[in-house]
Amino acid sequence: MKKNLMSVLILALVVANLVLTAILMISVVPQTKKANELVTKVCSAIDLELEGGKDNSSLNLPMDQLDTIKIEEGASITINLKEGDDGKPHHAVISVALALNTKSDGYKTYGVEGITAKEALIKDEVIKIVSGYTYEELKKDQTKAQDAILTRLRRMYESDFIVSVAFPTYNYE
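When we follow the working numbering, the leftmost residue of the sequence shown carries the number 3, and every step to the right adds one.
Fair warning: there could be bad hints in the mix.
Taking lysine to aspartate or glutamate pairs in the DMTMM-like style, the calculated list, with each CA pair at most 25 Å apart, reads [said to hold, decoys possible]:
id : residue 1 : residue 2
1  : 125       : 75
2  : 146       : 69
3  : 84        : 138
4  : 141       : 74
5  : 72        : 126
6  : 120       : 75
7  : 142       : 175
8  : 130       : 74
9  : 125       : 107
10 : 141       : 127
11 : 84        : 143
12 : 125       : 139
13 : 146       : 85
14 : 141       : 85
15 : 72        : 175
16 : 72        : 115
17 : 130       : 143
18 : 146       : 162
19 : 141       : 126
20 : 72        : 107
21 : 90        : 126
22 : 120       : 74
Label-pair ranges, simulated between beta-carbon atoms [as the list claims (entries may be wrong)]:
id : residue 1 : residue 2 : range
23 : 77        : 113       : 20 to 26 Å
24 : 89        : 145       : 22 to 28 Å
25 : 40        : 175       : 43 to 49 Å
26 : 104       : 77        : 21 to 27 Å
27 : 111       : 82        : 30 to 36 Å
28 : 47        : 87        : 31 to 37 Å
No lab work stands behind these hints: they were computed from the structure.
Cβ atoms here follow ideal geometry from the backbone N, Cα and C, with glycine treated the same way.
Based on the provided sequences and hints, a complete structural model is requested.
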């Protein structure tokens, strides 16, 4: 009789274990799937961030592959800035230079002549972008404006032969 009682007790524990395992699976598996989806999204965001540097002026090229061109032959451009917190009108006086990758197909297509022929359009894009910033924003971080100009020029030329935008001289007042 003791053997049967032990067998029944073991059977009851096995059934209880099976039921608890089923409950655990039903409650944990959906949460695990959600966690896996979240991890996948985070990984894809990290990949995008790593590839995001391709659009910024952070490309490292040897100096012998770079050619620079000054827009308007280095003349300063005066741009009215967006009104800031102080309510006073401000302006920026900047000159613009572009760094070009001489080994790029876009450089072979457009070259320095393609840039100088479109200087008026480039100057207009620079004015549009810089005028969208406040005095405080440009003083704090002008690289955002430079990256925005770079992105717009790459879109305009449909090429990435322009690798950097620089402000050789700048004054924000």
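* Asked: Failing hints, ascending?
  -> none
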